[in-house]
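Under this note's numbering, the residue at position 124 of the sequence shown is numbered 125, and the numbers go up by one with no gaps.
Be aware that one or more of the hints could be misleading.
Straight-line Cα separation of at most 30 Å, DSBU-like style, residue types lysine-lysine; simulated pairs [said to hold, decoys possible]: (1) 33 to 363; (2) 363 to 15; (3) 102 to 53.
Worth flagging that the hints you see were computed from the coordinates, not collected in a lab.
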Amino acid sequence: MSFEDFAKKTGFTKSIAEGTVQQPSISTQLIKSGWSREECNNIASRYSISPKLRDSVTQRTIIIQFLKFYTTGNVDEGYDPQNVILSTASLLFKPEATKSKDLIWPDSRYSNNEPFYSIVEKQEVTTLSYSTTETRSAPETVIIEDAQASPLRSNISADRAPNAPTITLRAEEDLPQLAAKVKPLLFDYSSVGSKGFIDHCNRVLVSSPATNAPTVSAINLYGLCNFVALTMLRSMTKTNAQLTTGFLQSQYRTNVGQLIGGELSSVFIPPCTRCLQQVSAYIVKTRRPVSSFLALLVYSSTEVDFSHDIKAILDATVLTHTSWNGLGILNMIFTICNFNNVSWVEIYNYTLFDKTITTWKKVIDFLAEYQKKGNPDQTVPWARVIDDAYFTKFGPQDHPLFASLLLVSLERIQNEEVGIENSVWAQRHIRVVELCRNASTKLADLLSPTNHTLMTLLTPLRNIKSENHKKLYCLASTNTTRRLKLIYMNK
């Protein structure tokens, strides 16, 4: 019996083949299309900002609860950590602000509708105690006591219970391992301590009671709390270990000094360990209030008249650190382009062959739609953080061969020998990574800034005529072994 006879018995026809999905997906993930700046704004509109946020009493209440959370990881009964963080992150004051109402949000962003977050109505707190028993003392007394929770420290060690099994974690998931890896970048907070920070907060809160407009020092304190709360939004894409070491970095302390300034910058301490553990539990992108607030920040930052100073704060705290999450293949290409000062077309010329056609079609479709010259969609880098139903199948795990070709270039850019190879996608496709090692190294050589002048003379390969350039390494795929290898071009 011929193949055609077998096919007839199965009911197979050409029209059926053409009318069905060729590679049915087993994923249950919802897939959306049509991302746009307008869609980002629609999602942002779900986040309601209460007009009470412009009230000095409300602002002081928010800051008191945030400082308690900051130093102990706890909030008073009736408050929720997520709401306290988002409320504090919403307290974005205009540059040179002098009044409670001087927030950056236009009137259209305020709504009396039920917000995702809420400021619980309760008696105004005039004191703040971080001891186990709250002290309702007069405003002129000390209102913040030293934190009971473990402070954040740079000399982190692993604490395990006796006889506990040893679990091997990736560096980005294991705090002691990650802290040791980036130790040269960390600030030694053991030399600072918490007393100076707590004393400063005491003085500010005492001198700025809720019945008066906030003082300049109070607005400075509010600005610092806002800066820290915005940084906590990194938890949407970072592990707790990554979030923690981010707060410990010397550069973060420098950013506080440059972007917030004031006396606080010299006595700054990061949030305590328990606080950041709570942040990792509450600030996740699957929570609609959290993702909607990020959409609000992203959309607002793309406005033409948006303050440069505020944009710098958003970039330093959250936007830079969450961009392109879930869009790994695009991020790889763009990182190489920017660092090596090459066009994506040059990468395309070197890496296009039968096994990368699918990847490049997806990339080119994206570029044509969202990276138009003179009018790129500036909200795209955060699309999958806001709603991961958009732009699916852009991760390196979906394109392991193509990602493996770019691996060495990225390792050189990031000055890492094995960092990328320890990522989840690389470990799952370790054989592909190894098969592509030589080709990836040669590609990195060709794209290197030091070789860029020569590279421009040699690209594309099909146009090479010079005798001196006849023998060049080129990426190719063999049909027999389905493996990448280096071959000589002999014209």
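We went through each hint and held it up to the structure:
1. For a cut-off of 30 Å, the pair hint linking residue 33 to residue 363 stands: about 15 Å separates their Cα positions.
2. A distance of roughly 26 Å separates the Cα atoms of residue 363 and residue 15; the hinted pair therefore holds under the 30 Å criterion.
3. Between residue 102 and residue 53, the direct Cα distance comes to roughly 10 Å. Compliance with the 30 Å bound is thereby established for this hinted pair.
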